[in-house]
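K.L.:
Next come the chains, spelled out residue by residue.
2 protein chains.
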Amino acid sequence: MKTARTVAEMRALRGQLAGPVGFVPTMGFLHQGHLSLVDRARAENASVVVSIFVNPTQFGPREDYQTYPRDLQRDMAMLESSTDVLFLPDAPEMYPPGFNTWVEVAGITDRLEGASRPGHFRGVATVVAKLFNIVQPHRAYFGQKDAQQLAVIKKVVSDLNMPLEVIGLPTLREPDGLAMSSRNTYLNPEQRRAATVLYRALEMARQSRRSGERDASRLRAGMLALVQQEPQARVDYVSIADPNTLEELEEIDRPALASMAVWIGTTRLIDNTVLE
Amino acid sequence: MKTARTVAEMRALRGQLAGPVGFVPTMGFLHQGHLSLVDRARAENASVVVSIFVNPTQFGPREDYQTYPRDLQRDMAMLESSTDVLFLPDAPEMYPPGFNTWVEVAGITDRLEGASRPGHFRGVATVVAKLFNIVQPHRAYFGQKDAQQLAVIKKVVSDLNMPLEVIGLPTLREPDGLAMSSRNTYLNPEQRRAATVLYRALEMARQSRRSGERDASRLRAGMLALVQQEPQARVDYVSIADPNTLEELEEIDRPALASMAVWIGTTRLIDNTVLE
Chain A
6 MKTARTVAEM RALRGQLAGP VGFVPTMGFL HQGHLSLVDR ARAENASVVV
56 SIFVNPTQFG PREDYQTYPR DLQRDMAMLE SSTDVLFLPD APEMYPPGFN
106 TWVEVAGITD RLEGASRPGH FRGVATVVAK LFNIVQPHRA YFGQKDAQQL
156 AVIKKVVSDL NMPLEVIGLP TLREPDGLAM SSRNTYLNPE QRRAATVLYR
206 ALEMARQSRR SGERDASRLR AGMLALVQQE PQARVDYVSI ADPNTLEELE
256 EIDRPALASM AVWIGTTRLI DNTVLE
Chain B
6 MKTARTVAEM RALRGQLAGP VGFVPTMGFL HQGHLSLVDR ARAENASVVV
56 SIFVNPTQFG PREDYQTYPR DLQRDMAMLE SSTDVLFLPD APEMYPPGFN
106 TWVEVAGITD RLEGASRPGH FRGVATVVAK LFNIVQPHRA YFGQKDAQQL
156 AVIKKVVSDL NMPLEVIGLP TLREPDGLAM SSRNTYLNPE QRRAATVLYR
206 ALEMARQSRR SGERDASRLR AGMLALVQQE PQARVDYVSI ADPNTLEELE
256 EIDRPALASM AVWIGTTRLI DNTVLE
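Protein chains in written order, with the numbering used here: chain A, 6 to 281; chain B, 6 to 281.
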């Protein structure tokens with residue numbers, strides 16, 4: 006595995022890679038979910054590039070940019086056997102003085118995470134466009150846990166005609182159902198137990214839907230009630246939405262994205278599932 | 006010369022081109038200024054792609070999108086001998102239903118053309134990013150007549166790490182100094198004579214600067230007075246600005262961009278020169 010810390014180094018190494026190239030952009034502190042993306046990239050491409058960059062522009066002023074977990078040594082050990090090039094830019098390399106160009110997706114960014122985290126998706130869309138232009142992959146891999154992020158990135162690539170394929174892969178979960186996330190490390194043991202409430206609420210929605218429930222309001226109310234039974238949890242949003250437009254549904258007359266954001270103490274967790 | 010009318014056709018033809026590829030994006034109704042860009046692209050690259058697309062998103066609601074001059078037959082004849090691929094998308098091909106992603110450059114777009122034409126540079130930055138992603142050129146060529154547009158495009162490419170070089174080439178002029186522009190066709194003979202006032206004002210600024218004038222306010226006032234002597238002309242703006250930031254200068258202590266926008270009847274013309 007070679008490492009590049011500057012755009013110029015990355016471009017030079019990219020020029021030596023055999024194609025097609027698979028790319029997994031990450032913020033580091035890797036878990037099995039990330040590795041499943043790398044494995045798929047490895048299986049589907051001749052070369053694999055991974056980036057680790059905690060992107061400041063997608064964090065709000067009161068969010069956890071400074072405290073976001075970092076462990077580069079461990080990450081590198083996890084990637085060593087499966088990655089050709091690891092791209093490790095620092096913030097001034099990605100955002101030099103005078104940087105002033107932004108990629109903005111309207112519409113689907115107004116809702117859910119976009120409503121709770123103003124500017125978040127502008128930061129995501131911009132850094133992903135930059136990384137795609139630097140790495141020039143044929144395929145890029147993202148987890149479905151960040152369902153709205155995946156939708157935003159697919160929209161950027163489609164609307165701006167970027168020459169690559171964006172692939173979303175299933176969320177990996179701990180044995181008790183908690184979606185894998187670098188932010189799970191923030192949880193103390195009591196919070197870690199409480200955090201399963203997201204999965205339990207989503208499972209309840211799936212079972213309810215399977216039993217024939219078509220009223221989205223009742224589903225949302227049921228999920229909300231379940232989460233509120235957990236004293237450690239505070240709901241940010243609970244949503245039953247169209248998976249493409251992310252508009253809230255009244256009647257579930259198509260596959261629906263059930264998603265939620267919940268605070269467990271000072272940690273904000275998200276999770277989702279598609280109700281077929 | 007081959008022509009592509011869809012993104013898919015353009016990508017297929019692009020795959021057959023020998024590199025490096027030079028690209029000249031235009032809105033058609035070509036003149037010698039455009040052809041000088043094509044000639045340079047031809048000289049510096051193995052293959053040349055030209056696009057003709059009157060981009061609706063860079064026109065304001067009361068601007069001349071509908072009436073912008075078009076003559077595809079003539080354009081094609083002018084390009085035939087020097088161009089490998091002509092890309093001719095229509096508006097729904099570039100902006101399909103649901104299109105909702107924009108490239109925005111802050112800062113330098115607030116001034117001059119950006120101030121007079123809200124949203125103009127958002128449309129320019131977005132369509133140029135799309136065209137670059139579709140054509141994937143090694144070099145792209147633009148005229149310096151649209152000096153602010155050139156600055157915006159260079160900023161997009163630099164900030165978003167797009168893998169190409171942007172090259173600006175000198176404005177071509179008619180024998181009486183009028184900058185070549187597709188919009189000159191709007192002018193009746195009397196207006197055509199009046200339109201030389203832009204060049205005369207810029208020349209006056211150059212001579213004044215050469216004579217040692219360092220006070221930007223006096224230069225602007227002189228240009229303004231000269232244009233106001235022309236009864237057909239109505240000034241939109243007159244500017245002496247830093248060529249990079251486009252901020253207005255007080256003292257001319259560096260190379261300065263002298264630029265202006267002037268209405269001649271219902272036709273808005275722009276021109277500029279660099280005062281060394």
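Keep in mind the hints are simulated off the structure, nothing from the lab. Predicted, not measured: the structure shown is a model, and the values here were computed from it. For every residue, glycine included, the Cβ atom is placed at its ideal position computed from N, Cα and C. Treat the hints with care, since some could be wrong.
[To be verified] DEER-style ranges, computed between Cβ atoms:
(1) A:His143 with B:Ala48: 25 to 35 Å
(2) B:Gly24 with A:Ala48: 44 to 54 Å
(3) A:Gly24 with B:Glu49: 24 to 34 Å
(4) B:Pro25 with A:Glu208: 17 to 27 Å
(5) B:Pro61 with A:Asn249: 17 to 27 Å
(6) A:Leu229 with B:Gln21: 26 to 36 Å
(7) A:Ala51 with B:Pro25: 29 to 39 Å
(8) A:Pro175 with B:Gln37: 27 to 37 Å
(9) A:Pro66 with B:Arg219: 15 to 25 Å
(10) B:Asp115 with A:Pro66: 53 to 63 Å
[Stated by the list, open to error] Sample of chain A residues facing chain B (criterion: CB under 10 Å; computed from the structure):
(11) Phe58
(12) Val59
(13) Leu93
(14) Ala96
(15) Thr106
(16) Thr114
(17) Arg127
(18) Phe137
(19) Asn138
(20) Ile139
(21) His143
(22) Ser163
(23) Thr250
(24) Trp268
K.L.:
Each hint: holds or not?
P.N.:
Checked hints:
1. Between A:His143 and B:Ala48 the beta carbons are some 32 Å apart, a value that agrees with the proposed interval 25 to 35 Å.
2. Between B:Gly24 and A:Ala48 the Cβ separation comes to about 30 Å, which falls outside the hinted range of 44 to 54 Å.
3. Our hint of 24 to 34 Å for A:Gly24 and B:Glu49 holds, since their Cβ atoms are close to 26 Å apart.
4. Taken as a hint, the range 17 to 27 Å is violated for the pair B:Pro25 and A:Glu208, whose Cβ atoms sit roughly 55 Å apart.
5. For B:Pro61 and A:Asn249, the hinted distance range of 17 to 27 Å is satisfied, since their beta carbons lie about 25 Å from each other.
6. For A:Leu229 and B:Gln21, the hinted distance range of 26 to 36 Å is not satisfied, since their beta carbons lie about 57 Å from each other.
7. As the Cβ distance of A:Ala51 to B:Pro25 is approximately 24 Å, the hint placing it in 29 to 39 Å is violated.
8. Checked against the hint of 27 to 37 Å, the pair A:Pro175 and B:Gln37 fails, with Cβ atoms roughly 58 Å apart.
9. Taking 15 to 25 Å as the suggested C-beta distance range, the pair A:Pro66 and B:Arg219 does not conform, at roughly 43 Å.
10. At about 23 Å, the beta-carbon gap between B:Asp115 and A:Pro66 misses the expected band of 53 to 63 Å.
11. Given the 10 Å rule on beta carbons, the hint for A:Phe58 is violated: about 13 Å separates it from the nearest Cβ of chain B.
12. Taken as an interface hint, A:Val59 does not check out: its beta carbon lies about 18 Å from the nearest beta carbon of chain B, beyond 10 Å.
13. The beta carbon of A:Leu93 comes no nearer than 15 Å to any beta carbon in chain B, farther than 10 Å, and the hint placing it at the interface is violated.
14. Violation of the interface hint for A:Ala96 is found here, the shortest Cβ-Cβ separation to chain B being roughly 14 Å, above the 10 Å cut-off.
15. Residue-level restraint check for A:Thr106 holds (minimum Cβ-Cβ distance to chain B is 4 Å; threshold 10 Å).
16. Taking 10 Å as the C-beta cut-off, the interface hint given for A:Thr114 holds, the closest approach to chain B being about 9 Å.
17. Hint status for A:Arg127 relative to chain B: holds, with the closest Cβ pair at about 9 Å, below 10 Å.
18. Checking A:Phe137 against chain B: minimum C-beta separation of about 9 Å stays under 10 Å; hint holds.
19. A cut of 10 Å between beta carbons decides the hint on A:Asn138: the least distance to chain B is about 4 Å, and the hint holds.
20. This hint holds: A:Ile139 has a C-beta 5 Å from the nearest C-beta of chain B, less than the 10 Å allowed.
21. At a threshold of 10 Å, the smallest CB-CB gap from A:His143 to chain B is about 13 Å, leaving the interface hint violated.
22. For A:Ser163, the interface hint holds, since its Cβ comes within 10 Å of a Cβ in chain B; the closest pair sits about 8 Å apart.
23. Proximity of A:Thr250 to chain B holds as hinted, the smallest CB-CB distance being about 9 Å (cut-off 10 Å).
24. Interface hint at A:Trp268: violated, since its Cβ lies 30 Å from the closest Cβ of chain B, which is beyond the 10 Å cut-off.
Consistency note: the structure conflicts with the earlier hints numbered 2, 4, 6, 7, 8, 9, 10, 11, 12, 13, 14, 21, 24.
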